[in-house]
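Engineer: Okay, here's what each chain looks like letter by letter:
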Amino acid sequence: MLKPLGDRVILQAQEEETTVGGIVLASNAQEKPQTAKVVAVGDGRVLDNGEKVAPSVKEGETVLLDKYSGTEVKYEGASYLVVHEKDLVAIVD
Amino acid sequence: MLKPLGDRVILQAQEEETTVGGIVLASNAQEKPQTAKVVAVGDGRVLDNGEKVAPSVKEGETVLLDKYSGTEVKYEGASYLVVHEKDLVAIVD
Amino acid sequence: MLKPLGDRVILQAQEEETTVGGIVLASNAQEKPQTAKVVAVGDGRVLDNGEKVAPSVKEGETVLLDKYSGTEVKYEGASYLVVHEKDLVAIVD
Amino acid sequence: MLKPLGDRVILQAQEEETTVGGIVLASNAQEKPQTAKVVAVGDGRVLDNGEKVAPSVKEGETVLLDKYSGTEVKYEGASYLVVHEKDLVAIVD
Amino acid sequence: MLKPLGDRVILQAQEEETTVGGIVLASNAQEKPQTAKVVAVGDGRVLDNGEKVAPSVKEGETVLLDKYSGTEVKYEGASYLVVHEKDLVAIVD
Amino acid sequence: MLKPLGDRVILQAQEEETTVGGIVLASNAQEKPQTAKVVAVGDGRVLDNGEKVAPSVKEGETVLLDKYSGTEVKYEGASYLVVHEKDLVAIVD
Amino acid sequence: MLKPLGDRVILQAQEEETTVGGIVLASNAQEKPQTAKVVAVGDGRVLDNGEKVAPSVKEGETVLLDKYSGTEVKYEGASYLVVHEKDLVAIVD
Chain A
1 MLKPLGDRVI LQAQEEETTV GGIVLASNAQ EKPQTAKVVA VGDGRVLDNG EKVAPSVKEG
61 ETVLLDKYSG TEVKYEGASY LVVHEKDLVA IVD
Chain B
1 MLKPLGDRVI LQAQEEETTV GGIVLASNAQ EKPQTAKVVA VGDGRVLDNG EKVAPSVKEG
61 ETVLLDKYSG TEVKYEGASY LVVHEKDLVA IVD
Chain C
1 MLKPLGDRVI LQAQEEETTV GGIVLASNAQ EKPQTAKVVA VGDGRVLDNG EKVAPSVKEG
61 ETVLLDKYSG TEVKYEGASY LVVHEKDLVA IVD
Chain D
1 MLKPLGDRVI LQAQEEETTV GGIVLASNAQ EKPQTAKVVA VGDGRVLDNG EKVAPSVKEG
61 ETVLLDKYSG TEVKYEGASY LVVHEKDLVA IVD
Chain E
1 MLKPLGDRVI LQAQEEETTV GGIVLASNAQ EKPQTAKVVA VGDGRVLDNG EKVAPSVKEG
61 ETVLLDKYSG TEVKYEGASY LVVHEKDLVA IVD
Chain F
1 MLKPLGDRVI LQAQEEETTV GGIVLASNAQ EKPQTAKVVA VGDGRVLDNG EKVAPSVKEG
61 ETVLLDKYSG TEVKYEGASY LVVHEKDLVA IVD
Chain G
1 MLKPLGDRVI LQAQEEETTV GGIVLASNAQ EKPQTAKVVA VGDGRVLDNG EKVAPSVKEG
61 ETVLLDKYSG TEVKYEGASY LVVHEKDLVA IVD
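Protein chains in written order, with the numbering used here: chain A, 1 to 93; chain B, 1 to 93; chain C, 1 to 93; chain D, 1 to 93; chain E, 1 to 93; chain F, 1 to 93; chain G, 1 to 93.
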């Protein structure tokens with residue numbers, strides 16, 4: 001298991017399938033999906049007064065992220081995206 | 001639904017129509033509209049003392065924004081602009 | 001109406017006319033006027049301790065500004081200059 | 001009158017004349033004078049705790065300034081130099 | 001012994017062996033392992049209020065790190081990687 | 001007299017003479033002396049909490065300074081070096 | 001004597017000799033030693049709240065330092081390396 005440090009959030013890209021008339025189409029490469037699922041969340045960043053601020057997202061939530069943020073890491077064959085919480089744009093309900 | 005994180009604000013470009021003698025003219029491409037409608041507002045940024053500062057704009061308000069700020073995101077077919085609150089210039093009453 | 005956000009100030013360029021022997025001369029293009037009239041003032045910036053600091057200029061005042069500061073915005077046909085308060089050099093009494 | 005904003009100080013270049021055997025010589029262009037007279041002083045900068053720190057120089061004092069600091073502004077025909085207080089090097093007694 | 005200073009963490013690269021049908025394969029050079037073992041941990045960084053924040057990792061833990069972070073140091077023939085705590089991505093349980 | 005502002009220190013280059021067998025040699029131009037004498041000291045910098053921190057050097061002390069720091073100023077024919085206190089490396093006892 | 005200012009530490013490069021079969025070999029130029037001996041330590045840096053934080057190293061200790069940090073200074077014929085405490089990587093026990 002990966003336990004992210006600080007204000008980091010570990011994400012897993014979501015397979016985005018589009019169904020047209022029952023035919024499942026893979027997502028268009030040019031229109032890279034911007035959503036991902038939160039797999040693990042760090043304890044948060046430490047403020048200058050020593051307080052820790054817990055991230056605003058929770059495991060299992062789907063988030064929208066900026067196209068160019070994050071670092072890809074590989075762990076046990078799977079590939080994940082690690083981002084700092086501030087690079088998450090929105091929660092998708 | 002998109003719930004913006006931190007001090008982010010989600011905007012939707014406003015269709016700007018100009019009517020001249022009853023004829024509706026599309027807005028001039030060279031003079032890109034600088035106003036947009038606030039669609040969703042984050043909880044605000046966290047100060048160094050741990051306090052959260054709510055953004056100064058509200059859902060439904062029309063805002064004036066800097067020409068080059070923000071990131072375009074696509075969600076359910078529609079396209080939105082996500083900006084940090086500090087990149088909003090003014091509220092248009 | 002435009003309500004500037006944060007520590008922003010909205011300015012309107014002043015027509016600077018020079019009269020020589022009764023003849024009104026337009027201001028010299030090379031010697032661009034550096035003064036403008038304050039049209040609207042934001043609520044001010046938020047300090048790290050959560051306090052809000054109101055800008056030091058008021059609507060109606062004439063200010064001297066740095067030559068290269070500010071962003072031009074268009075609103076209802078008129079053109080304004082939006083600057084952060086820190087880019088205003090002096091109040092002209 | 002110009003009332004500088006923030007930690008700004010308005011200076012007026014001093015005519016530096018050198019007398020050699022009774023003949024007044026203009027200051028050498030290559031050895032640009034680095035002193036100026038304080039014409040007006042702002043209220044000072046606001047600290048992160050909300051306190052205002054008054055500048056350490058007063059109207060009428062002569063100051064030594066860094067060769068490349070400041071911005072020239074024109075006001076009522078005269079030309080002034082506006083600098084942030086931190087760019088003043090020393091007071092000349 | 002090396003006692004890291006500040007928020008530094010000393011790591012030792014882990015030998016990553018892959019066994020395929022009983023044959024031990026060296027890790028692929030192109031897929032550089034991103035995990036390392038924590039060998040020593042500093043006392044942590046000092047906050048602006050004078051408090052010291054102990055790092056979140058402990059000696060003996062395995063951590064995931066960003067591909068390009070850290071500085072290699074040599075000590076008594078062995079080679080170590082020294083990173084600032086903020087460059088550690090996650091703890092691997 | 002020059003009264004330095006803020007955390008500035010005014011230095012005067014020291015003539016460094018080397019005596020070899022009674023013969024006084026001028027210091028080697030390639031090995032520029034790195035020591036100077038403190039001529040005047042400012043009141044110090046203002047911390048974010050409003051406190052003023054007096055510089056750690058005193059008039060008359062000899063200091064070691066970084067080769068490339070400081071700005072040369074001319075005053076009454078003499079030439080001085082003005083540095084910020086943080087650019088002084090050590091006091092030479 | 002040199003008394004370092006602020007959070008500076010003065011180091012002296014250690015002669016690193018390698019003995020192979022009784023023959024003392026000079027250290028390899030390509031593998032520049034990364035350890036040095038602490039010769040003098042400053043009083044430490046001043047925090048934003050006015051507190052002074054004493055450096056974590058003491059005179060006489062051997063430290064490991066980053067390859068490219070520090071500035072060389074010459075004093076009384078000997079050459080020293082002056083580094084800010086934050087550029088020291090570890091204490092070598």
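Treat the hints with care, since some could be wrong.
Unchecked claim - Simulated pairs of lysine-lysine, DSSO-like, Cα-Cα distance not exceeding 30 Å: (1) A:K86 <-> E:K67; (2) G:K86 <-> E:K74; (3) C:K3 <-> D:K58; (4) G:K52 <-> E:K86; (5) C:K58 <-> D:K67; (6) E:K3 <-> G:K52; (7) B:K74 <-> B:K52; (8) A:K58 <-> B:K67; (9) B:K86 <-> B:K52; (10) B:K67 <-> A:K52; (11) D:K3 <-> D:K37; (12) G:K86 <-> E:K3.
Unchecked claim - Examples of chain E residues toward chain A, derived with CB under 8 Å: (13) Q34; (14) V38; (15) V41; (16) D43; (17) N49; (18) E51; (19) V53; (20) S56; (21) D66.
These aren't lab readings, by the way, just hints derived from the structure by calculation. From the three backbone atoms N, C-alpha and C, an ideal C-beta is built for every residue, glycine too.
Engineer: Next, verify each hint and record whether it holds.
Structural biologist: Taking the hints in turn, this is what the structure says about them:
1. The straight-line distance between the Cα atoms of K86 of chain A and K67 of chain E is roughly 21 Å, inside the 30 Å bound, and the hint therefore holds.
2. Between K86 of chain G and K74 of chain E the alpha-carbon distance is near 19 Å, which keeps this suggested pair within the 30 Å criterion.
3. With a C-alpha separation of about 36 Å, the suggested pairing of K3 of chain C with K58 of chain D is violated against the 30 Å cut-off.
4. Note on K52 of chain G and K86 of chain E: the hinted pairing holds, with a Cα-Cα distance of about 24 Å set against a maximum of 30 Å.
5. For the proposed pair K58 of chain C and K67 of chain D, the alpha carbon gap of about 34 Å is over 30 Å, so the pair is violated.
6. With a C-alpha separation of about 23 Å, the suggested pairing of K3 of chain E with K52 of chain G holds against the 30 Å cut-off.
7. A threshold of 30 Å between alpha carbons decides the hint, and for K74 of chain B with K52 of chain B the separation of about 28 Å falls inside it, so the pair holds.
8. Restraint check: the Cα-Cα separation between K58 of chain A and K67 of chain B comes to about 34 Å, which exceeds 30 Å; the hinted pair is violated.
9. Taking the CA atoms of K86 of chain B and K52 of chain B, the gap is near 15 Å; set against the 30 Å cutoff, the hint holds.
10. For the hint linking K67 of chain B to K52 of chain A, the alpha-carbon distance of about 36 Å lies beyond 30 Å, and the restraint is violated.
11. Note on K3 of chain D and K37 of chain D: the hinted pairing holds, with a Cα-Cα distance of about 15 Å set against a maximum of 30 Å.
12. Proximity of K86 of chain G to K3 of chain E is assessed by CA-CA distance (about 14 Å); at most 30 Å being required, the pair is judged to hold.
13. Nearest Cβ of chain A to the Cβ of Q34 of chain E: about 6 Å, under the 8 Å cut. The hint holds.
14. Hint status for V38 of chain E: violated, given a least beta-carbon distance of 12 Å to chain A, over 8 Å.
15. A hinted interface residue such as V41 of chain E counts as satisfied when its beta carbon comes closer than 8 Å to some beta carbon of chain A; here the least separation is about 13 Å, so the hint is violated.
16. The criterion of a C-beta within 8 Å of any C-beta in chain A is not met by D43 of chain E, whose closest approach is roughly 15 Å, and the hint is violated.
17. Given hint, N49 of chain E at the interface with chain A, holds; its Cβ is 6 Å from that chain's nearest Cβ, closer than 8 Å.
18. The criterion of a C-beta within 8 Å of any C-beta in chain A is met by E51 of chain E, whose closest approach is roughly 5 Å, and the hint holds.
19. For V53 of chain E, the suggested interface contact is upheld, since its CB lies about 5 Å from the closest CB of chain A, less than 8 Å.
20. For S56 of chain E, the interface hint holds, since its Cβ comes within 8 Å of a Cβ in chain A; the closest pair sits about 6 Å apart.
21. The beta carbon of D66 of chain E comes within 6 Å of a beta carbon in chain A, closer than 8 Å, and the hint placing it at the interface holds.
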